[in-house]
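Assemble chain H onto chain Y, guided by the hints.
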Amino acid sequence: MSMHTSITRRLLLAGLGGVGATAITANMPFGHAQAATPVVGFIYVGPRDDFGYNQAHAEGAAAVKKMKAVKVVEEERIPETVQVAKTMESMINLDGAGLLFPTSFGYFNPYILNEAKKYPKVRFEHAGGLWTPKDPKNAGSYFGYIFEGQYINGIIAGYASKSGKLGFVAAKPIPQVLQNINAFTLGARLVNPKATTQVIFTGDWSLPVKEAEATNSMIDQGVDVVTMHVDSPKVVVQTAAKRGAMVCGYHCSQAALAPQSYLTGAEWNWTDLYPKFVTMWMKGETIPNFYRGGFKEGLIKQSPYGPKVSAEARKHADDVKAKLTAQQYVIFKGPLKDNTGKMAVAGGSELIQTNATDEKLESMHFLVDGVLGSLPA
Amino acid sequence: MADVGIGWWGVPLAVAAGAVRAGTPFLFVSLGELLTEKSGRINLGLEGTLVMGAMSGYGTAYLTGSPWLGVLVAGITGSLFGALHAGLCSLPRVNDIAVGIALMLFGTGLAFYLGKPLIQPQAPTLPALHLGWWSSIAAVRDALKINGLFIVGALLAPAIVWLLRSTRWGMIVRMVGDSADAARAMGYSVDWVRLLATMTGGFLAGIGGSFLSLYYPGSWSEGLSSGQGITAVALVIFARWSPMNCFYASLLFGGAGALGPALQSVGIHSGYYLFNAAPYFLTLFIMVLTSSSEHRLSGAPSELSITR
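Each protein sequence line maps, in turn, to chains Y and H.
Mapping the first sequence onto the working numbering, position 341 (from 1) lands on 341, and the numbers just tick up by one.
Mapping the second sequence onto the working numbering, position 97 (from 1) lands on 97, and the numbers just tick up by one.
Same shape as in the complex, but just chain H:
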């Protein structure tokens, strides 16, 4: 067997592979949240949407035998949650952050409840594209097993940039997010635009969840998300509402999460709690570096309740 260790090279390799594997859910949720926030609303409920997506996707894949159908159902579940959020928020005097927190609790609770019978069975998982066929090193071959969803997510980021910048739809979303009054004056229904933006955001977050349960780590359990949805929402602020930055930030967080185990596997054992905290450390560090007292949260849609 050519299965010899690759030593220190294992660390960058694990971080790179981890960035792609563990970063994909962050990517989908953060892109979804970005769309929602661009329309002027924050949906904190995406953690619940992510978990619901993971559960419903897994359940569908298990019952139908088709993981891709699971991805679709996860997306639809996510958009239903998005519709619920948007619907509740369109009522007068309803705060989007409070609704988000409620939906986060509701989503995780409902998913745990409905997902009870799904912890045991094994659902078929999504296939990977073997992009490492050229390498003779098993570890490299494995690191380059990439799921199609990652590629979709990676293409989605520039697509959203283009959508928001150059299409009529994108401009309407941005206008609603920057000035609801202007949008009303132009004759667009603010609630309707936000409903669609939140539903699309939920759709993406649901797909992010299905990636967790159907590809990596590839099984449904209640500890599956452990706060990744909420982290992804924070990523959007961290990425300053830029889709490409969301992409890089997701990779960064995915890779940082892989750092702790990878370092232990090559013999760095001390301080693994510290390495496990790397993603949070990194966030704080970059936040401090990029913050400024002169201008506040550049790029933030001005209708957002946190900036208003």
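Bound-form chain Y, shown alone:
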């Protein structure tokens, strides 16, 4: 009996080893396959069809795949740890990638910075807008003023809400999230000066159960329009719709999940940007190290309005969107008070979206009047 089992175990182990070995050899194009076709690598922090952040990037990668004479390699679910450094190295050394898009915010420092120093011939493009002139020149960071879209979301929400209570499920209190919360609230207050936004921070980018709890408890408090800044808005959208509340989406369109309750959404438009960057890179042009844009540059777009959006709301939102696109509109305009009563933006001064080096905008750390919530000091 014991003889028998030990043989099977050994056989099993041998079998497993064999399978492992073939899998490795099959994936390894021995040597640096620095072939004629240029290779572009995309790295995502989550699954690429998450109805959210990663899907928006993967749609951009899909647009690159459609281009001629370029090969795309992708890897998903790479945590913001030393793991991403390993993934970048394997894309560079094994796949021969010359341009990398590690798309998650936390990849930049130190992982991209280290790899950029180590591989000066490889180009690194990071989504998040963290690059500063001190950083390696073969790295770059791009970002969209997606809060312009959240501002439009706010206008639509201001019209749609009956209670004047809006809700925002947020992951972490970092500047990009706060810009969205504030823009959403200011947009709503344009329509209804008494509107408030209840914000709940869940603490991390993807916590489905906590996001559902947050949505439920806000709706219990009378909130009737919900929006969010988490990696995958799917759970928030579905939970809100189940409870009969309306939603404004984020990252990409979630209209398919709740066609009746979905009002509109602020979406990334990487499908335009990525082919543009890849073309520049293939031609040997330099991609700007610091690239920003909003509606005008086509880095973001707005989901089509849902059935519950009134004609009046559509018109107002379209008007503001046209002005934003023409860059004749500033969202954060003084005098602007924060929700503790302090002056956040002094009268007469403006935090202009296109002024990408505006410190106050880049490092936003306040919640405007009308937001119910507070920030860690």
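There may be inaccurate statements among the hints.
[What the hints assert, rightly or not] Cβ-to-Cβ under 7 Å is the rule here; a few derived chain Y residues that face chain H:
no., residue
1, F201
2, S206
3, V209
4, A212
5, S217
6, M218
7, K234
8, E285
9, A311
10, E312
11, D369
12, G373
13, S374
Rather than coming from a laboratory, the hints here were simulated on the basis of the structure.
No experiment lies behind these values; they were computed from the predicted model shown.
Glycine is no exception: its CB is placed at the ideal position from the N, C-alpha and C atoms.
Just chain H now, kept in the frame of chain Y:
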């Protein structure tokens, strides 16, 4: 619309509703683990089983249109994982904890791999029983939307108490868990009993997973479990191998998880990381209170490798 806020009452309400909603997966996994441990084996792989159950249940519901069939398939998947664990552990010189860890990684990895095409589509979800029809407050009505699985789980806990105490089957399981030699002397096959206990445990854990993907939050994603299976295994020790305590502990953990968001929604904003850590805090606190230097882990089956 009568949809006015309910203010401070929202906190106890959210905690109570959260206890039921978020506590159900804990309940199923911990009851499953309890059965397994009563037979003298620890199955740490239930995290993987939970995730596999969530994935297979969601996939089945999506393909067939029947969420209840999804629950069944999730259970069957879970029991297959249980059988795998029991099968591997019955080989000589195999450690159940190591196998459990391997199966945890295997289960989550396999579920993520097979579940890739399921992240996008929407599967039909389980219906809720509307037990709040008597209330005019929407929030109360919603908090009392209770899923049938919770009720099943709540009835299962006393049923397992009775099973273990008063039935022949239950006594055999306990005997195998307390003294394998005695069971052998009585002519029972220890491996066979453990196989069945682990499979039943896996079945329950799989159902716990299907509750996550088919009811609350009600969609399949890779972050769905975020360690709930492992927490539930720890709950069994915390509950001192008593099914009723598993029930209370599950409610406690579910409710504690809802505390952070609920407090933020009524205006307590500071320290939300601390509130989010409430379940773990609570565990430590109760562990310290109930621990004793005089007697060790009362109620633990003596065949368990951690107590032996």
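Hint-by-hint comparison with the structure:
no.	hint	result
1	F201	6 Å, holds
2	S206	4 Å, holds
3	V209	6 Å, holds
4	A212	4 Å, holds
5	S217	4 Å, holds
6	M218	5 Å, holds
7	K234	6 Å, holds
8	E285	36 Å, violated
9	A311	22 Å, violated
10	E312	20 Å, violated
11	D369	15 Å, violated
12	G373	5 Å, holds
13	S374	4 Å, holds
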